[in-house]
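K.L.:
Sequence:
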Amino acid sequence: DLPSSGRVEVYHDRQWGTVCDDGWDLAEAQVVCRQLGFPGAKSVTLGGRYGEGSGSIWLDDMNCKGSESSLSDCSFKGWGVTDCTHKEDAGVVCETGTNITSNRQFSVDNSLGLSDDLGLLFDRGNGCDFKMNIKDNSKESELTFCVHSMILMFYPELNITKDSRNLTVDVSQTCHPHVSAFLRYLYTRQIDVSITSAQCLHQLAFTFGVKKLMEDVGRVFTLLIPEDNTFHTQVSMFEYGVRTGDLVLQENVLQYLSWNCEFLISSPVWSTISFHMMDALLRRSDLVVKDEAFLLEALERWIQDKGDEISSDQQASLLNHIRFLMIPVDKLYGMQFSSSVLHQNHEKLYLTGLLRGFQFNALPFSKIRKQIYNMSSEYLPRIYTGDEWSVILNATTVKYPRYNYNRGYGQNRIQSRIQTFSTPAHPSALYREQNVQWQAQVFLSNQECSNYGISCTSFPVARLYGYGNQNMYASTIRYSNRLILTCKNENNVFHVRDFKNSMAVIPNNSSMGLPNPCPDDYSFRFVVRPEYI
1 DLPSSGRVEV
11 YHDRQWGTVC
21 DDGWDLAEAQ
31 VVCRQLGFPG
41 AKSVTLGGRY
51 GEGSGSIWLD
61 DMNCKGSESS
71 LSDCSFKGWG
81 VTDCTHKEDA
91 GVVCETGTNI
101 TSNRQFSVDN
111 SLGLSDDLGL
121 LFDRGNGCDF
131 KMNIKDNSKE
141 SELTFCVHSM
151 ILMFYPELNI
161 TKDSRNLTVD
171 VSQTCHPHVS
181 AFLRYLYTRQ
191 IDVSITSAQC
201 LHQLAFTFGV
211 KKLMEDVGRV
221 FTLLIPEDNT
231 FHTQVSMFEY
241 GVRTGDLVLQ
251 ENVLQYLSWN
261 CEFLISSPVW
271 STISFHMMDA
281 LLRRSDLVVK
291 DEAFLLEALE
301 RWIQDKGDEI
311 SSDQQASLLN
321 HIRFLMIPVD
331 KLYGMQFSSS
341 VLHQNHEKLY
351 LTGLLRGFQF
361 NALPFSKIRK
371 QIYNMSSEYL
381 PRIYTGDEWS
391 VILNATTVKY
401 PRYNYNRGYG
411 QNRIQSRIQT
421 FSTPAHPSAL
431 YREQNVQWQA
441 QVFLSNQECS
451 NYGISCTSFP
461 VARLYGYGNQ
471 NMYASTIRYS
481 NRLILTCKNE
491 NNVFHVRDFK
501 NSMAVIPNNS
511 SMGLPNPCPD
521 DYSFRFVVRP
531 EYI
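All residue numbers for the sequence shown refer to full-length UniProt numbering, where the first residue is 1 and numbers rise by one.
Check each hint, because a few of them may be wrong.
[To be verified] In silico DSS-like links for lysine-lysine, alpha-carbon gap of 27 Å or less:
1) K42 / K77
2) K290 / K488
3) K65 / K42
4) K87 / K42
5) K77 / K500
6) K77 / K65
7) K367 / K348
8) K212 / K65
Because the hints were derived from the structure by calculation, they are not lab data.
Build out the structure end to end from the sequences listed, making use of the hints.
P.N.:
Structural data, given as structure tokens:
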């Protein structure tokens with residue numbers, strides 16, 4: 001109702017999208033209001049108070065200092081990476097300012113067509129004063145472009161000065177067809193990226209030091225990630241990302257490999273991955289594995305296969321990433337008698353891990369509370385899919401139940417998408433005999449949701465509801481449960497979802513960090529993840 005307040009929307013990738021209210025505070029509102037030309041912010045609004053938007057949710061988990069000149073300068077998950085719905089669209093109330101004086105300034109912005117004009121300048125070559133030589137030294141192939149030194153000065157890694165007149169760059173001949181489009185990007189900041197051009201454009205961006213384009217093309221690489229079930233492509237893409245310093249590409253590959261860790265471990269590629277990749281994987285809490293003992297066995301097998309390639313110090317650093325506290329106590333007991341290579345080579349470190357595991361299982365929460373406050377990752381569970389912590393529903397998502405006026409909605413089909421099960425209250429031996437009851441459900445329609453008194457905004461949606469003894473442990477234990485989406489035929493985990501208030505909305509392809517390779521046929525695995533508060 002006022003021009004100084006409303007829902008925040010961001011124009012990115014040629015479309016408007018909203019901002020999730022997770023992490024949305026006054027610092028973020030200050031940035032938005034100043035960016036819009038207001039003196040500052042009065043307050044923030046949460047929960048879609050100014051109405052629900054549509055389309056993409058561009059930003060989530062915002063973290064601004066308040067001094068940034070643009071909202072996109074703040075820290076956030078990544079463009080379009082979110083677990084929110086439009087019910088969580090963020091808004092602001094900006095200060096309008098008083099004491100308007102004759103010095104008040106109004107912005108005039110006619111920059112929208114500047115990119116097109118600069119593109120024409122490159123195409124026509126008018127006034128160009130700099131020769132760019134593109135050579136493949138191994139094949140004596142060469143291209144020459146006449147460009148404008150003033151444009152190149154925007155890219156400091158090229159070391160172009162006012163006296164420079166030419167530059168020779170070594171580029172593989174296979175990438176020569178894409179050089180013109182890349183140079184045009186230096187003028188316009190616009191480029192079309194295809195699967196066939198992605199790696200060349202990424203390599204050119206690396207060579208010329210254009211980090212923003214490297215990040216953007218790295219996101220295109222994510223389209224390739226789920227397509228290779230052998231994991232050869234993903235491993236080579238990660239190593240390429242390390243060589244080029246592309247952190248976005250590295251993270252996208254690591255996330256996919258973390259979600260598919262069980263399949264990776266059972267593949268021939270497991271023994272070939274580098275120490276750098278193994279170290280990065282073992283640091284993560286989003287590894288999807290049967291249990292921590294399974295991960296330790298896989299690490300020991302990898303070290304045996306690597307032989308002398310892995311030094312003693314490297315072995316020790318990897319062993320330090322194993323979360324002995326999360327290993328079931330019966331397996332801990334058996335491990336002290338093992339003759340594994342890590343036990344033999346690092347006996348003191350290995351036994352220290354076992355001791356800490358036994359302490360975690362034997363001591364009450366009050367005794368170890370201080371250590372947990374230090375936020376050590378060894379106290380955090382990964383995503384353990386062992387039978388005692390998870391259940392699978394094979395609900396086909398595209399076949400919606402039809403209404404029969406004599407029998408109502410197909411109850412048999414609905415019942416096939418509901419399952420009750422129980423888990424220990426916590427992995428510690430102190431709680432393993434104390435069970436929590438759970439009900440896992442997948443809903444495909446508004447009618448199904450309303451039958452359970454639930455309001456649903458999109459479908460399919462999953463629900464994991466705890467009842468019985470769960471509230472008894474509310475002051476000590478919280479449940480950070482996960483939903484794993486897996487292609488039935490390909491054993492391919494393509495998404496892992498948090499539960500919010502017991503619900504997990506299944507995103508569409510446009511809002512997923514990775515594409516869904518099997519949109520018509522996937523299963524739902526519900527995973528219970530207890531952790532001390």
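K.L.:
Which numbered hints turn out to be false for this structure?
P.N.:
none
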